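The listed protein sequences derive, respectively, from chains U and X. Per numbering that gives the first Met the number 0, numbering of the first sequence is gapless, rising by one per residue and ending at 308. Per numbering that gives the first Met the number 0, numbering of the second sequence is gapless, rising by one per residue and ending at 186.
The set of hints was computed from the structure by calculation and includes no laboratory data. Every value quoted in this text rests on a predicted model; they were computed, and no experiment measured them. Just to be clear, a hint being listed does not mean it is correct.
[Claimed, not checked] So the derived list for chain U, only partly shown, Cβ under 7 Å to chain X, looks like this: (1) H51; (2) A91; (3) R93; (4) D177; (5) L180; (6) S181; (7) E221; (8) E228; (9) N231.
[Claimed, not checked] Straight-line C-alpha distance at most 27 Å; calculated DSS-like pairs for lysine-lysine: (10) U:K294 <-> X:K39; (11) X:K41 <-> X:K8; (12) X:K31 <-> U:K160.
Even glycine gets a Cβ: it sits at the ideal position worked out from N, Cα and C.
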Amino acid sequence: MNTDDSWKLAVRADVLRLRARIIRAVRHFFVKRHFLEVETPVRIPAPAPESHIRPVPSDGWFLQTSPELCMKRLLAADYPRIFQICKCFRAAERGDRHLPEFTMLEWYRAGTDYRTLMSDCESLILDVAADLGFGKTIPRQDRTIRLEPPWERITVREAFKRYATMTETDALRMDRFDEILSCDIESRLGVEEPLFLYEYPAELGSLARVKADDPGVAERFELYVAGLELANAFSELTDMNEQRRRFEQAVSECAFRDGLSYPMPEPFLSALPRMPPSAGIALGLDRLVMLFADKSRIEEVVAFPPESL
Amino acid sequence: MYTASDLRKGLRIKIDNDPFIITEFNFVKPGKGQALYRCKLKNMVNGNQFERTFRSVDVFEAADLQEKKMQYLYQEEGKYCFMDNQSYEQVFLTEDQIGEAKNFLLDNIEVEVLLFEDRPLGISLPNFIDVVVTKADPWAKGDSVSGNTKPVTVQTGYQLQVPPFIEEGEKIRIDTRSGEYLTRVKG
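Just chain U, with the same shape it has in the complex:
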């Protein structure tokens, strides 16, 4: 059998050039706004325990599932505006929009909440679009998406009211929240223009602050463009005891699921009381490339999907 598949790489040239340009534009966007680019270790002893994210073990430690904890330690050490573009790893995630190794863009701002990050998203995507030569619209799967801000903002409650047959509270109680969100709701989000889905039920924001006047709701949003989930953001939780309690709960759920006991990220927890009120966001860079390259499968925007290795 002929194993030379360099033609597969060759046909990706346009997308890979676009990808490089997007990364350059993203970097430029943050540098221009006086964000400090940082690098944190990819291999860490204790990732944030999360019920539905499985870390990849690496010689006794783990590959990071996100750079979140180290970046927040930098926030706590008085780095008020930071960003990072890095590889993250999540076990057993492979689908049209998932790679087990993917590229994440994260940025954090001290002294603000998640609403500022919504404006950041609007400016960032408009900036990148302009850099790539798009106007105020981009084509996506035979439709046109308007990028003119402000973008639509709807709460999770409203989305369930519009597109589902039950409330988000009932969906959670019946353990059908994720299923309804991904099967019935997501494809309808951000179809005309990008959309922020915000105010998640508190139990779905493990590292997020709850609303001051409504403890049942987490200050969390997701950015959707043309049904594609691009980014997840929080007003960050800074209460160490509450964070420890949530981590312990997640650790016990993970132990039940994987039969593994994940360690507590103690240095992060002890830094938390020094962390100023902040907001942080993680944006999937591969998906951003999917959006601008108008591709529907994530393997189309990387040089080497895992199956090719």
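Got chain U; can you put chain X on it based on the hints?
Leaving out everything else, chain X in the frame of chain U:
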């Protein structure tokens, strides 16, 4: 046993005592949410299709499918009878289960019967069979009006297009996958 992470297109699993084949598959996972495995499944007994979303905690039994060499015996009131020549065990399939293969069921022909826990689901024929032409118009040399082929009927009742030189009583080879004429068989 399979877990949800084993699910993929073409996998055959057992649900509520029926065998299903996965015809479409996608992994989805809303941000920070649980992994979901969206599948389209086809019931291998009655052909019914449906969509279902599985979770990582779901487990599946493999569908116990096997192929067995059997001999075609006879057809009666839409039931097709096949026999295992070792055990003399007989199974019956419906016309729907036989499908297009009914055009090529020669007496005593050996086929592979697909079985699910001893229930027959379908058959696969040899790729090529030789059959006798039972009805054909005579070849009028130089007759180009009818084009390059002419219709004939073979011993199973099946009709197909063949080159004009094929005569009644001759043997021809048919590709059972396409149902098309391949060649004339001498002797």
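Structure-based check of all given hints:
no.: 1; hint: H51; verdict: holds (5 Å)
no.: 2; hint: A91; verdict: holds (5 Å)
no.: 3; hint: R93; verdict: holds (6 Å)
no.: 4; hint: D177; verdict: holds (4 Å)
no.: 5; hint: L180; verdict: holds (5 Å)
no.: 6; hint: S181; verdict: holds (5 Å)
no.: 7; hint: E221; verdict: holds (5 Å)
no.: 8; hint: E228; verdict: holds (5 Å)
no.: 9; hint: N231; verdict: holds (4 Å)
no.: 10; hint: U:K294 <-> X:K39; verdict: holds (23 Å)
no.: 11; hint: X:K41 <-> X:K8; verdict: holds (11 Å)
no.: 12; hint: X:K31 <-> U:K160; verdict: holds (21 Å)
Violated hints are absent here; each numbered hint is respected by the structure.
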